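Participant: Please work from the sequences and hints to get the whole structure.
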Amino acid sequence: MADIHVNLAGISLKNPVMTASGTFGYGTEFADLVNLSDIGAIIVKGTTLHPRQGNDYPRMAETASGMLNCVGLQNKGVDYFCTHIYPQIKDLDTRVLVNVSGSAPEDYAECAARINALDAIPAIELNISCPNVKQGGMAFGVTVEGAQSVVKAVRKTYHKPIIVKLSPNVTNIADIARAVEAAGADAVSCINTLMGMAIDIERRRPVLSIATGGLSGPCIKPVALRCVWQVAQAVSIPVVGLGGISTATDAIEFLLTGATAIQIGTANFLDPAVSVKVAQGISHWLDQHGCRSVQEIIGQLES
Amino acid sequence: MADIHVNLAGISLKNPVMTASGTFGYGTEFADLVNLSDIGAIIVKGTTLHPRQGNDYPRMAETASGMLNCVGLQNKGVDYFCTHIYPQIKDLDTRVLVNVSGSAPEDYAECAARINALDAIPAIELNISCPNVKQGGMAFGVTVEGAQSVVKAVRKTYHKPIIVKLSPNVTNIADIARAVEAAGADAVSCINTLMGMAIDIERRRPVLSIATGGLSGPCIKPVALRCVWQVAQAVSIPVVGLGGISTATDAIEFLLTGATAIQIGTANFLDPAVSVKVAQGISHWLDQHGCRSVQEIIGQLES
Amino acid sequence: MQKFLRDLTVSEVSFPHKRYVLIKLTDTQPLPPMLPGQFVEVKVEGSPSTFLRRPISINYVDTAANQLWLLIAMVGAGTRTLGTLKAGDHLNLLFPLGNGFSPMQQQGETVLLVGGGVGVAPLLQYGKVLKQQGAQPIFLLGSRTAEDLLQLDLFQAIAPVYTTTEDGSAGEKGFVTQHSILSTMHFDRISCCGPKPMMVSVARYAKQTNTPCEVSLENMMACGLGACLCCVEKTVKGNVCVCTEGPVFNINDLTWEI
Amino acid sequence: MQKFLRDLTVSEVSFPHKRYVLIKLTDTQPLPPMLPGQFVEVKVEGSPSTFLRRPISINYVDTAANQLWLLIAMVGAGTRTLGTLKAGDHLNLLFPLGNGFSPMQQQGETVLLVGGGVGVAPLLQYGKVLKQQGAQPIFLLGSRTAEDLLQLDLFQAIAPVYTTTEDGSAGEKGFVTQHSILSTMHFDRISCCGPKPMMVSVARYAKQTNTPCEVSLENMMACGLGACLCCVEKTVKGNVCVCTEGPVFNINDLTWEI
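Residue numbers (my numbering), protein chains in the order written: chain Y, 1 to 303; chain U, 1 to 303; chain L, 1 to 258; chain X, 1 to 258.
Worth flagging that the hints you see were computed from the coordinates, not collected in a lab.
All figures in this text were calculated on a predicted structure; none of them were measured in a lab.
Be aware that a few hints might be false.
The list that follows gives simulated cross-link-like pairs (lysine-lysine, BS3-like), each with its CA atoms no further than 27 Å apart [unchecked claim]: (1) Lys196(L) <-> Lys173(L); (2) Lys277(U) <-> Lys43(X); (3) Lys86(X) <-> Lys24(L); (4) Lys14(Y) <-> Lys160(Y); (5) Lys277(U) <-> Lys3(X); (6) Lys24(X) <-> Lys128(X); (7) Lys43(L) <-> Lys277(Y).
Distance ranges between label pairs, derived from CB positions [what the hints assert, rightly or not]: (8) Ser49(X) <-> Arg205(Y): 27 to 35 Å; (9) His17(X) <-> His284(U): 45 to 53 Å; (10) Ala113(U) <-> Asp253(X): 34 to 42 Å.
Which chain X residues stay away from chain L? Per the calculated CB distances, all over 12 Å, these [what the hints assert, rightly or not]: (11) Arg6; (12) Asp27; (13) Asn210.
Every residue gets a Cβ at the ideal spot worked out from N, C-alpha and C, and that includes glycine.
Facilitator: Okay, structure coming up:
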């Protein structure tokens, strides 16, 4: 059996498969259907300083090999998370990370500060690339200054590893990656969703309540691989790859391209047990190919 | 029968369906399979001042609901086009436009100048967004300055309508659209392909010879619709929509979103007769919905 | 209730009407407990344009035969593909999902079950269970035409059935809310499933007559597990997931204008 | 030659070997003229992961029965889905495409037709036509094992057949280029279709023996019409489309290192 454990910015994961924020709830919703202990890490849904109702319905549209969503960070706020959710998940036999979002650097910093106090949360992922909120969200992720402002603010209040989730909706994702690395990020995850739109021709309206939304699913995998490839060459901190991963083959593509770990998002909606199947598939592939460790393929793309 | 003729920057098209550059050859390749006279316009493949061999094989990868290509503007140059191709297509009973690309503004300008002399070519499309050539190509399309430099240079030598094909691989496509409008563009077409990548895990290499390529097909339609929506609100010149269109429903989505005409690209590879089927489908839908003219739906999205 | 992800076997496929397919599924092991009003998420194979699972309400559970019935309106590529399933094929189900209709509140209560179109599907199982529990279900089923009235014989075998059709080809002409029993009979409570306009008018009737009323919503959803947060309904408690807090809601918890 | 886009009808499906499917297609109208070595682009329905058409070489044309045969190796999701076709199903074809093998150059010429794996497919039709034209085709077919030697009886009915298998389970053990007839017999020319390494070594043999040689390439392609420019091969004339300038090339026009 190949060793598939990875070290992500100092955090040891039993395997490189993480579940992406906003696609796996708090993990507990999936407990009937998959053994959470077999997942490398769970990134719980986007959490903000204050509770958010998110956007109006409709929030979803099915597209070719993917879907659009405009949830808009609906969550009950960080305090509710700390008091009501954290106790339920702190003893899970896997890594639990929190995805943090906000409308201003100070919000991110304060939200992160409260999570810093939670011993069982080894790291956070900063969402500076949510395309579905008016203020903040993606606005930060598309400029060097905006991205750095958030990371620097959080770096002051949060003393464990910070993973910054990058937006693909930019001209040069490598520039943003270098900027957040310089600002103190310990890792980057890419990509967040692509900004897209769907139209209802009978009603002559956008399908989504706020017109546009984030595109995810296998349709964006080629863009995600390109972004991981560009970012992995641009920074020395680890890269977490995501975007349309639903099989072990997909995951291995990202690992070869330079990802130290990968996240599974939309595929959780199609198969709640997919994350564990992918982890097992990676292990099986490594064995078949005579690899002793997943380290033998990470970033080993020839070109 | 609804009137589906449209006026694109002064060019009258018998219907809003154009075939996208690089997906329909010079039209003649499809003459056995579709009545070219039933197509609104044919945009012939990317033409450059000097002949180009393009990139090495492999140039293509199949993806979820789409494909990647890195052809790299293979063509025999503008002089060959003028002397050998033009005579074969100048009498076609449809509009024939030429897509022009280059490595420097001067190349674009000189290439356009030679096409300006061809009476049967009513307009050109400037490709400032090809992701598959090292110099030029997309490099121009991702900055306001680069985009304007090409358009201004061509505006001096080309005296018929100029359509500028925009890249979606930017942070703000509306800014680029406004810039080319200010520089003298008569219309914009969006979108060109999204930059993507595919991996062969057994060979541990990128599938494509130059690693990355342009993603096209239904997978990118949501991104294309979003771009058309943003651009249509940003400029007053007409917008030509393309990106994953393969049915009349797709086309109507783009028309409602603000496109005066649409282009069909990758779908030509799956069904050589798709462009005419889409044109007929638009007409049928308009009749069903009691619209006298396609003008009644162009840009009529409620939001 | 515990959820399962299983490949069930298609034991029978029939077409009550050209636009509807009834799929009877069975399993090698006993089917798990399911409540009336709960739903399943089915994985559609072989339909390139169908990316997400399709939520389908539970039409009927035949415990003796270890069968689960799904009554599906073939409206899109995904549901049409489900209509091509043959006996012996497998169908991957995520189930049971959601909260279901309320169990009997008091012995002998009269419960009006109002269904419209394919919305009648979950009422068959619900009516059966209410009857078994000792309540008196009464069915009020509406549709466009007589041939859209589905499974009438099965409903009639359980309890009295009143019908309306928009074209008058069966039962009283018009909408369910125009049926005469609404003015001539009393009901302890109402449960309703169908197109939203229908459910809104039923909710209005219930409010006017101070009759407790619950409705089953069909918001577009992806995961069915409360993870994607796409199927939210605005309630008095804010936006909640229809897949986990619903699909059945008491009308007093909704923010409909009634 | 004129190209057509037609829905043909599957008249027969058989499996010469578990990894290969033979699909016989017919049409209500006469099939168009097709040259040996030309190919078709088939639209694969019901395979979500298959976006593009699949290029398949023409295996055999039975003019009397108005049948077109496709011999397909089921290697991916798309070709596996083709293996699920049943008699009566329809298959959309874009055809005939490409240039095909050279017709007979001179009466009585001996033409060695070398095939490897599923690459034998177009040689069946080509051998038949050469024979009819008055040439003397000789087949040299190679595969991994005896059971991978496809349609042997049909080849033998046309002309002498020599075989090699990598495991020696049939014919001479080894690769086709190691077969004894290459040292004992003379051929006026060679046509070859199979895996590229095999074709390269056949091309080397041809060059050493100054035997004219053409090979049929299988570059990945999208449109099949010369529009997408994806299937290019580097030739002495530069990059050309395999779908229109090929799939058959004279080895002197290629830039292979032989």
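Participant: Name the hints, by number, that the structure is in violation of.
Facilitator: none
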